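Participant: Given next are the chains, with one letter for each unit.
2 protein chains.
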Amino acid sequence: MELLKQRILRDGKSLSEGVLKVDSFINHQLDCQLLMCIGVEFARRFAYTRATKILTIEASGIAPAVMAGYCMGIPVIYAKKAQPCTMPDALHSHVHSFTKNKDYDIVVSREYIKPTDRVLCIDDFLAYGSAANALIDIVEQAQATIVGMGFVIEKVFQHGYDTLRNKGFQIESLARIEELSDGKIKFCD
Amino acid sequence: MELLKQRILRDGKSLSEGVLKVDSFINHQLDCQLLMCIGVEFARRFAYTRATKILTIEASGIAPAVMAGYCMGIPVIYAKKAQPCTMPDALHSHVHSFTKNKDYDIVVSREYIKPTDRVLCIDDFLAYGSAANALIDIVEQAQATIVGMGFVIEKVFQHGYDTLRNKGFQIESLARIEELSDGKIKFCD
Chain A
38 MELLKQRILR DGKSLSEGVL KVDSFINHQL DCQLLMCIGV EFARRFAYTR
88 ATKILTIEAS GIAPAVMAGY CMGIPVIYAK KAQPCTMPDA LHSHVHSFTK
138 NKDYDIVVSR EYIKPTDRVL CIDDFLAYGS AANALIDIVE QAQATIVGMG
188 FVIEKVFQHG YDTLRNKGFQ IESLARIEEL SDGKIKFCD
Chain B
38 MELLKQRILR DGKSLSEGVL KVDSFINHQL DCQLLMCIGV EFARRFAYTR
88 ATKILTIEAS GIAPAVMAGY CMGIPVIYAK KAQPCTMPDA LHSHVHSFTK
138 NKDYDIVVSR EYIKPTDRVL CIDDFLAYGS AANALIDIVE QAQATIVGMG
188 FVIEKVFQHG YDTLRNKGFQ IESLARIEEL SDGKIKFCD
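Sequence lines, in order, name chains A and B.
If you want my numbering, it's the position in the first sequence, counting the first as 1, plus 37.
If you want my numbering, it's the position in the second sequence, counting the first as 1, plus 37.
For the record, the hints were derived by calculation from the structure and aren't laboratory data.
For chains that are exact copies, the list does not tell them apart, and a pair is met inside one copy or across any two.
Simulated pairs of lysine to aspartate or glutamate, EDC-like, Cα-Cα distance not exceeding 20 Å:
(1) K137 <-> E95
(2) K118 <-> E95
(3) K50 <-> D126
(4) K221 <-> E54
Predicted model, so just to flag it, every value in this text is computed and none were measured.
Next comes chain A alone, as it looks inside the complex:
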């Protein structure tokens, strides 16, 4: 997605140890117009999946997921990082964040993913694939079908894609980064 790549080159910051800071437009301050374009692009790429629900993780996945959900006309469910007292029957999974170097659980109410659902998972980053695999775990526990996974930015050099391929669903990343170094950002292709 050319608009996104140009924006990453302009406003993204390549920090040490493979961290890309995009908090001026993607995950702290949000450019809502860009996020709608991202939602449109996800809707276009996943148009033929017949998805019935989008699943993402709070907090940074919510904005791109909700724009995609709006464009596709389907609800979004966001996995929470703590189980509210008002959620009696929850599906749990586990994420290790390499960026933050910590572990956390995610929970989704069993009420909102049914075995008949066709689920599209969306997140802001695909890095090592830990969050993505936790989402897959949740959908499998609900005995629903995953029809696709969409990421705003993929850090190809962290190989999360390799943990997802061969699972039979469509995987799309809107900006694929091959290398982050010395303040430089290099895209694939």
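For this one, chain A is given, so just place chain B on it according to the hints.
Facilitator: Chain B only, in chain A's frame:
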């Protein structure tokens, strides 16, 4: 906002101790079409404030804020509940959640709110006003101007509004609830 009130009556659940569960359409599973209508309504009500930024709190404020930001053509900043290592210069404030009976800090990068900014604060609920007052605190620390506060649902009987009135900015709640009891939901007016 009639569409929202009808939806709350249909799908909201009035639990004990003044808790309204709306996690099937507002803050776990999200009805993206309804959220866009909420964004349009905020944009309409705050059209004359000349707001330059929207400020909200992760995670449940993000979806309504991002729809409002899209409709108003301005960026959204969401306060985080933990300070990322990539955010060196942060504004801090403190929230007490009565629903969850716990305290937490919120952080916003100083980079994204400037003294020239006119800030509209948006959140999903106005209850006792603790989160709203933390947002005001952040904006005041940044020496910016608050031009309005918008809430999707106000629980009038918890009196958060009384902590915000007389501050000179516009306050709007899209659904104002007078009473929650015995599974019943009663709106003001």
